[in-house]
Each structure stands twice: as C-alpha cells, then as structure tokens.
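Listed below are the residues making up each chain.
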Amino acid sequence: MASLRSPLGRARGLGSAKDGTHHWWAQRVTAIALVPLVLWFVVSAIGLAGASHAAALAWIGHPLNAVLLAALVVAVFHHAQLGLQVVIEDYVHCEAIKIAALLAVKAACWLLAAAALLSIVRIFVSAS
Amino acid sequence: MASQTSPGATKRPRPLSPHLQIYRPQITSVLSITHRATGVALAAGTLLLAAWIIAAAIGPGAYARVAGFAGSWFGQLLLFGWSVALFYHLLNGIRHLVWDTGRGFDLATMEKSGKAVVAGTVVLTALAWILAKAV
Numbered sequence: 001m002a003s004l005r006s007p008l009g010r011a012r013g014l015g016s017a018k019d020g021t022h023h024w025w026a027q028r029v030t031a032i033a034l035v036p037l038v039l040w041f042v043v044s045a046i047g048l049a050g051a052s053h054a055a056a057l058a059w060i061g062h063p064l065n066a067v068l069l070a071a072l073v074v075a076v077f078h079h080a081q082l083g084l085q086v087v088i089e090d091y092v093h094c095e096a097i098k099i100a101a102l103l104a105v106k107a108a109c110w111l112l113a114a115a116a117l118l119s120i121v122r123i124f125v126s127a128s
Numbered sequence: 129m130a131s132q133t134s135p136g137a138t139k140r141p142r143p144l145s146p147h148l149q150i151y152r153p154q155i156t157s158v159l160s161i162t163h164r165a166t167g168v169a170l171a172a173g174t175l176l177l178a179a180w181i182i183a184a185a186i187g188p189g190a191y192a193r194v195a196g197f198a199g200s201w202f203g204q205l206l207l208f209g210w211s212v213a214l215f216y217h218l219l220n221g222i223r224h225l226v227w228d229t230g231r232g233f234d235l236a237t238m239e240k241s242g243k244a245v246v247a248g249t250v251v252l253t254a255l256a257w258i259l260a261k262a263v
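From first to last, the protein sequence lines are chains A and B.
Counting from 1, position 6 in the first sequence corresponds to residue 6 in the working numbering; the numbering is continuous, with no gaps.
For any residue, its number in the working numbering is found by taking its place in the second sequence, counting from 1, and adding 128.
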C-alpha cells in the first residue's frame, strides 16, 4: 500500500504532534530512575522520622545524600509534570483552560524543583 | 447545512464514550485508574518534599513549622495516605515497565500481577510505618 506520508516525514517519525515518542520515553526514563531513588529515600525518610533540624542538615549535607536527593528532585518533578500533563490533556476539553493548566503545572514543577535544588546546594556548601 | 455539521454550532451535548457507569468494575480497570489517581496525589505530595528541603535550608524556625505539621495528626494522616499511594504507584509502575517490554498481557497474568501489586502495597506500607514508629 502506498503511504501518503512524505519520505522526510516518515524518516523523522515525529507524527502530527511533532514530538514523536519523546514524552512517552521521558516518562519511562524518569520512572526507571525513580525506582531505586524512591526506595533509597523511603529507607532514609524512615530513619529521619522526627529528626531535629541539625540532624536534617547533617543528612542533606552529606555528599552522597545531596547528590541522590538532587537526582530524586529532578526525576520526581519531571515525572510529575509529564504525568499531570497527560491527565490534563485527557480531561480538560476547553482549550484556554487546558493551556493555562499545562503552563501552571509546568511553572510549578520548575519553580519547586529549582527551589529544592538551590536549598540542597546551600545546605551542602555550608556543611562542607 | 454547514452550520449543522460544524462542531462550534452544536447545541446539544453529544454522547461521550465510554459510558463508564454501565461497566462492571474489574480489577484491571480499577487498578488502572488507581495508578492515575495515586500519581496525581503524589504530585501534590511533592509539595511536602520540597517544603521539607527548603525549610531545612531557611533555618530552624521554618524547619520546626514543617516538622510540626508533618508530626501533627493531619500531617501523619497525609503522610500515611501518600505512603500508600507511593508504594502502589511504585509497584504498579514496575508492572507498567514490564508491559512495556511486551510481557504479561494475558488476562490470567494481568490479574495475578494486579493482586501482587495490591498485596505488595499493603506489606510495604505496614513495614514502613512499623519501622518508622519503632526507630
């Protein structure tokens, strides 16, 4: 059967959304990263239950914890943004509200991730 | 004629498919929508994760407020709910990753893996809270 797609369009393989499998793939990559990171954080959080401010600073300030916590923050907020995007696209049918919600989610995820990362850096620098 | 076929001119709301309410709930569909619901709940839960890290960087006063909220009955209730959502989403997410390799799609395996996810969620949640309260 003859394809109606141009050879260039077929080679690029990006479809009508011009995004190809990028969203799907990014969701899987962050999911795979989060499996060990979440398990590590849950075990750490159990140990930190009721911890004092000094104990929390010492824990975050430890190089290994600082690196893994930063990785967790990046993967969590990226994964949350990708997931919430799909939920909004599925259920919000008014175009203006949909775009506003997508932008708001993206802004919130970026700002929270930036604030958390800068906080980790600040704690790490003052601890070392 | 053109005004009748253009979507913008439609007056009555058109029927939407699927009509979820006429289907008997099945373990496959219930676990599927639960994955989405727990994902949205966990997205809200990231606020507490961010608040804890940011408050630690700001100072003892801010940290005491976040820790006080997390230790209150309402904070503990939220944390319990988020821990259930986290373990469910984690285990069912692994189930999704297995599906991505093309395995486990026959109905018998699907129901078995679904039940394993629910059982695993109960066990991991209980284990985490027993350890958290014992430490």
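FYI, nobody ran anything at the bench for these hints, they're computed from the structure.
Just so you know, these numbers come straight off a predicted model, no measurement behind them.
Glycine included, each C-beta is placed from N, C-alpha and C at the ideal position.
It is possible that part of the hints are untrue.
Stated by the list, open to error - Facing chain A, from chain B, some residues (calculated, C-beta under 10 Å):
#, residue
1, I186
2, G221
3, R231
4, F233
5, D234
6, L235
7, V250
8, V251
9, A254
10, W257
Stated by the list, open to error - Looking from chain B toward chain A, a few residues come up when the C-beta cut is under 10 Å (computed):
#, residue
11, L148
12, I150
13, R152
14, L175
15, W180
16, P188
17, Y191
18, L218
19, L225
20, D228
21, G230
22, G232
23, L252
Said to hold, decoys possible - Negatives, chain A to chain B, calculated, CB over 12 Å:
#, residue
24, R5
25, G20
26, L34
27, A54
28, L103
Now for the hints, and whether the structure bears them out:
Checking I186/B against chain A: minimum C-beta separation of about 8 Å stays under 10 Å; hint holds. Nearest Cβ of chain A to the Cβ of G221/B: about 5 Å, under the 10 Å cut. The hint holds. Given the 10 Å rule on beta carbons, the hint for R231/B is violated: about 15 Å separates it from the nearest Cβ of chain A. For F233/B, the shortest C-beta to C-beta distance to chain A is roughly 17 Å, which exceeds 10 Å, and the interface hint is violated.
Against a cut-off of 10 Å between C-beta atoms, the interface hint on D234/B is violated, since the closest Cβ of chain A lies about 22 Å away. This hint is violated: L235/B has a C-beta 24 Å from the nearest C-beta of chain A, more than the 10 Å allowed. With a cut of 10 Å, the hint placing V250/B at the interface with chain A is violated, because the nearest CB-to-CB distance is about 15 Å. Violation of the interface hint for V251/B is found here, the shortest Cβ-Cβ separation to chain A being roughly 13 Å, above the 10 Å cut-off.
Interface restraint check: A254/B against chain A, minimum CB-CB distance 13 Å, threshold 10 Å, status violated. Below 10 Å, beta-carbon pairs count as interface contacts, and W257/B has one with chain A at about 9 Å; its hint therefore holds. The closest approach between the C-beta of L148/B and any C-beta of chain A is roughly 13 Å, which is over the 10 Å cut-off, so the hint fails. Taken as an interface hint, I150/B does not check out: its beta carbon lies about 20 Å from the nearest beta carbon of chain A, beyond 10 Å.
For R152/B, the interface hint is violated, the least distance from its beta-carbon to any beta-carbon of chain A being 23 Å, above 10 Å. Of the supplied interface hints, the one on L175/B holds, with its beta-carbon coming within about 7 Å of a beta-carbon of chain A, less than 10 Å. With 10 Å as the threshold, the beta carbon of W180/B comes within range of chain A, its nearest partner Cβ sitting at about 8 Å, so the hint holds. At about 5 Å, the closest approach between the beta carbon of P188/B and any beta carbon in chain A falls short of 10 Å, and the interface hint on this residue holds.
At its closest, the beta carbon of Y191/B sits 4 Å from a beta carbon of chain A; the interface hint therefore holds under the 10 Å criterion. With 10 Å as the threshold, the beta carbon of L218/B comes within range of chain A, its nearest partner Cβ sitting at about 6 Å, so the hint holds. The criterion of a C-beta within 10 Å of any C-beta in chain A is met by L225/B, whose closest approach is roughly 6 Å, and the hint holds. Checking D228/B against chain A by beta carbon gives a least distance of about 6 Å; that is within 10 Å, so the hint holds.
Interface hint at G230/B: violated, since its Cβ lies 14 Å from the closest Cβ of chain A, which is beyond the 10 Å cut-off. With its C-beta approaching chain A no nearer than about 16 Å, G232/B sits outside the 10 Å limit, and its interface hint is violated. Hint on L252/B holds. Least Cβ distance to chain A is approximately 8 Å, under the 10 Å limit. Every CB of chain B is more than 12 Å from the CB of R5/A (nearest about 26 Å), matching its label as outside the interface.
With a least CB separation of 16 Å from chain B, G20/A remains clear of the 12 Å interface cut-off, as annotated. A cut-off of 12 Å between C-beta atoms contradicts the statement that L34/A is not in contact with chain B; the least separation is 8 Å. Interface exclusion of A54/A from chain B breaks down, the closest Cβ pair being 8 Å apart, not more than 12 Å. Even its closest Cβ contact with chain B, about 16 Å, leaves L103/A beyond 12 Å, as expected for a residue assigned away from the interface.
The structure fails to meet hints 3, 4, 5, 6, 7, 8, 9, 11, 12, 13, 21, 22, 26 and 27 from the earlier list, while all remaining hints are met.
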